[in-house]
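Peer 1: Sequences are here, hints too, so could you generate the full structure?
So you can see what is in the structure, the chains are spelled out below.
There are 2 protein chains.
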Amino acid sequence: MMQRFLETENPVFLFPSSGTGFMEASVRNCVEKKMLCCVCGEFGERFSEAATSNGRELEKIKMPLGEPVTPDLLDDTLKRIPDVEAVSITHNETSIGLINPLRELAEVVKKHGKLLFVDAVSSMGGTEIKVDEWELDVCFTSSQKCFGIPPGLAVGSVRQDALRKSETMKNKGLYFDFKLFEKYHKNNFTPTTPPIPQILGLNRILKMIDEMGGKERYFNTYAERSRRIREGIRKLGLTLFPKKGYESPTVTCVNAPDKMTGLEVYQSMREKGFELAKGYGALVDKTFRIGNMGYIEFKDIEMMLKSLVNLIR
Amino acid sequence: MMQRFLETENPVFLFPSSGTGFMEASVRNCVEKKMLCCVCGEFGERFSEAATSNGRELEKIKMPLGEPVTPDLLDDTLKRIPDVEAVSITHNETSIGLINPLRELAEVVKKHGKLLFVDAVSSMGGTEIKVDEWELDVCFTSSQKCFGIPPGLAVGSVRQDALRKSETMKNKGLYFDFKLFEKYHKNNFTPTTPPIPQILGLNRILKMIDEMGGKERYFNTYAERSRRIREGIRKLGLTLFPKKGYESPTVTCVNAPDKMTGLEVYQSMREKGFELAKGYGALVDKTFRIGNMGYIEFKDIEMMLKSLVNLIR
Numbered sequence: 043m044m045q046r047f048l049e050t051e052n053p054v055f056l057f058p059s060s061g062t063g064f065m066e067a068s069v070r071n072c073v074e075k076k077m078l079c080c081v082c083g084e085f086g087e088r089f090s091e092a093a094t095s096n097g098r099e100l101e102k103i104k105m106p107l108g109e110p111v112t113p114d115l116l117d118d119t120l121k122r123i124p125d126v127e128a129v130s131i132t133h134n135e136t137s138i139g140l141i142n143p144l145r146e147l148a149e150v151v152k153k154h155g156k157l158l159f160v161d162a163v164s165s166m167g168g169t170e171i172k173v174d175e176w177e178l179d180v181c182f183t184s185s186q187k188c189f190g191i192p193p194g195l196a197v198g199s200v201r202q203d204a205l206r207k208s209e210t211m212k213n214k215g216l217y218f219d220f221k222l223f224e225k226y227h228k229n230n231f232t233p234t235t236p237p238i239p240q241i242l243g244l245n246r247i248l249k250m251i252d253e254m255g256g257k258e259r260y261f262n263t264y265a266e267r268s269r270r271i272r273e274g275i276r277k278l279g280l281t282l283f284p285k286k287g288y289e290s291p292t293v294t295c296v297n298a299p300d301k302m303t304g305l306e307v308y309q310s311m312r313e314k315g316f317e318l319a320k321g322y323g324a325l326v327d328k329t330f331r332i333g334n335m336g337y338i339e340f341k342d343i344e345m346m347l348k349s350l351v352n353l354i355r
Numbered sequence: 043m044m045q046r047f048l049e050t051e052n053p054v055f056l057f058p059s060s061g062t063g064f065m066e067a068s069v070r071n072c073v074e075k076k077m078l079c080c081v082c083g084e085f086g087e088r089f090s091e092a093a094t095s096n097g098r099e100l101e102k103i104k105m106p107l108g109e110p111v112t113p114d115l116l117d118d119t120l121k122r123i124p125d126v127e128a129v130s131i132t133h134n135e136t137s138i139g140l141i142n143p144l145r146e147l148a149e150v151v152k153k154h155g156k157l158l159f160v161d162a163v164s165s166m167g168g169t170e171i172k173v174d175e176w177e178l179d180v181c182f183t184s185s186q187k188c189f190g191i192p193p194g195l196a197v198g199s200v201r202q203d204a205l206r207k208s209e210t211m212k213n214k215g216l217y218f219d220f221k222l223f224e225k226y227h228k229n230n231f232t233p234t235t236p237p238i239p240q241i242l243g244l245n246r247i248l249k250m251i252d253e254m255g256g257k258e259r260y261f262n263t264y265a266e267r268s269r270r271i272r273e274g275i276r277k278l279g280l281t282l283f284p285k286k287g288y289e290s291p292t293v294t295c296v297n298a299p300d301k302m303t304g305l306e307v308y309q310s311m312r313e314k315g316f317e318l319a320k321g322y323g324a325l326v327d328k329t330f331r332i333g334n335m336g337y338i339e340f341k342d343i344e345m346m347l348k349s350l351v352n353l354i355r
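Residue numbers (my numbering), protein chains in the order written: chain A, 43 to 355; chain B, 43 to 355.
Hints are not guaranteed to be accurate.
[Stated by the list, open to error] DSSO-like, lysine-lysine: derived pairs with alpha carbons at most 27 Å apart:
1) B/Lys221 with A/Lys320
2) A/Lys102 with B/Lys221
3) A/Lys320 with B/Lys102
[Stated by the list, open to error] These stretches of chain B come out as covered by chain A in the derived footprint (C-beta under 8 Å, 3 or more residues):
4) 53-62
5) 216-223
No lab work stands behind these hints, which were simulated from the structure alone. In this text, all values refer to a predicted model and were calculated from it rather than measured experimentally. Positions of the beta carbon are idealized from the N, C-alpha and C atoms, including for glycine.
Peer 2: Structural data, given as C-alpha cells:
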C-alpha cells in the first residue's frame, strides 16, 4: 500500500525508530566519505549532525531562515563541490513552515548523478511525492505526522542505487542495515521486532485514504485546512514567516503580532486549550506555528482562529 | 519507576527501537576496538553481529547448545584475552530456554575491570536483576517481553562507566548516542520522538506491579507459571532441553517426543489455537518452546497442557 501511495516499485521499509533513524541509516548505508546537506532549519541541521556524528565529511548549503533552497544554488554548489556522494533535502522544514521545491531540486541532484535523501517527515501524506518519477533514492517519514498515527514507526522507500551502495559499505552496523531489511522485506518480515500497533495504524489510515477516494483527496484536505488557516491569519492582519510561494501545507509559521511575542501567543493559546507550537530557536519570540497534521476538522480550525482573534485583537 | 524496579541510580533510557537497538548502542558508545560476546544461542549471536557489523574486533565464548556460560570459563577467557573492553551476556537465551547465572558472571567481569552489557530482553521483569549491586553497565529489555506491552520500545539503564566511555567515542552516530540521551533525560525528554503508546503501557504495568504488592510478587507469578508448565511437561514424560538448573523462568524449551518432531508439535498446537514457538535453527525438529511472557493466566496454562496431552499421548 505504501508503494502504491508513493508511486514506487522500491521496497518500503518499516523501521522500528523515529524519522531520525532514517537519517542515520541513509548516512551509514550510502555515504562512504562525504555528503552535502541542504539546511533551511532545525531538521536540515539534524541531517548534518547525522553525517558528522557518523564521521562523514559534510558540505552544507545553509539558507537564511525563511528562504528555500533553489535549484540554481544547488546546481552551482554541486558544480563547485563535485565529490559529494549524496545530497540531503528537507522537503518540508517544520521548524519554519517552509516547503522546498523537491521535484526541481531532485532534477538537479540527478543531473549531477548523486544519491538523494529526502526527509519527508512532515510532507509525506500531506502533499504529493512521486518517488520513482522524481528518482528519490531514500524518502522517509514517521508515523505521527501527516498519517496522524502514534509515534514509534519510520517508513521509507529505498531505491536500487542506494541498495547497491549499501552492499559494499563497511561498518554500517546491524540495526539500520538496508540490505538486511531488503532481505527480510522480500518475505514480508523485518530483521527485528517491529512496532506492531503503529504498523496496524498505518495500514488503517492507508485504507481510510482509499475509502475517501484516494490520496489526492487526502492531499486536498491538507491544502484546504492550510488555506483556511492562512486566510484566518491574513484577516487578523498577521503575516507568514517563509518566503511567499514556499509556505508549507502542513504547518503554518506566523510572524508574531506587534503587541505580543510568539512565545506569549503560544502560551496564551495553550491556556485556552489549543496546542500550537513555539517558534524555532532564535525565532521563539518572532514567530509561532500552527500545525495541521493528523486528525483535524474544519471546525477545529474555526475555533482555533476565533480564539486567536480574541487574543490578538 | 524503572530505576526503582532495577534498584539503580543510573539513568534509564527509553529508546525508540527494538531490543537490538540497545546492542548496537552498547557497541557504538562503549567499544573502541574489541569486545567479548558470550554466545549460548540466537541472541548471543546477534550481539556478536552488532559488534562485527560495526567494525569491532570480536572474541567469542560459544557454548554447546543447552549449556550456560560458567563463571570459571569466563574467568579463564578474560585471563587469556585481557585486551577486550567489554563483555556481553545474554541473561536469558530465549532461543533455547536457558538462563545464565548473571550475578556470578557479573562478578567475574567486574573482577577483570571490563564493561558489562546485559541483554535482559527476556528476563527483565520476569526475574530479579539488581543493576547497581551487580554493577551492570548496560542492561536492557524491550517492551513486549516480560512487561507484556506492545513492541516498539527498548528500555535500558546505563551506568557512569559506560557514559564516560561514550564521552570520547568517535563516530558513534546520532540515533543511539548515550550522552545525547543523558542530556535530554535530565529534563525528562528524549532526543527524538518517542513511541508514546508503549511508554504509557510501560508506565501502566509498573503501576500494576506496585498495586499487586511489588516486583517480588510479579516475579513469583512468573516462577509459578513456569513451575506449572514444567510440571505438566514432566507428567507427559517429556524432558527439558537446557542443562538442569539453568531452565529459563520465562520460556520453556522442551525436547520433542519420540513420535513427533518439534515442528509438528508446534504446528498441531497452532491448529488447536495455542501459539507456542518453534525450536531454534538446528533444533527445529528436536525441540519446541512454550513462552510464558506477558498476560497469561494459570487456566491458560492448564488448557494448553491439556491440549498437549491429547496431542502427544
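Peer 1: Next pair to validate is lysine 320 of chain A with lysine 102 of chain B; report whether the Cα-Cα distance is within 27 Å.
Peer 2: Violated, at roughly 51 Å.
Peer 1: Within a Cα-Cα threshold of 27 Å, do lysine 221 of chain B and lysine 320 of chain A meet the stated pairing?
Peer 2: Holds, at about 26 Å.
Peer 1: Hint check: lysine 102 of chain A vs lysine 221 of chain B, CA-CA at most 27 Å. Holds or violated?
Peer 2: Since the Cα atoms of lysine 102 of chain A and lysine 221 of chain B sit roughly 25 Å apart, the hinted pair holds (cutoff 27 Å).
Peer 1: Go check the segment 216-223 of chain B versus chain A for me, would you? Three or more residues, Cβ under 8 Å, otherwise it fails.
Peer 2: holds (count 4)
Peer 1: Go check the segment 53-62 of chain B versus chain A for me, would you? Three or more residues, Cβ under 8 Å, otherwise it fails.
Peer 2: Satisfied; 5 residues make the cut.
When the structure is compared with the earlier hints, a violation turns up for hint 3 alone.
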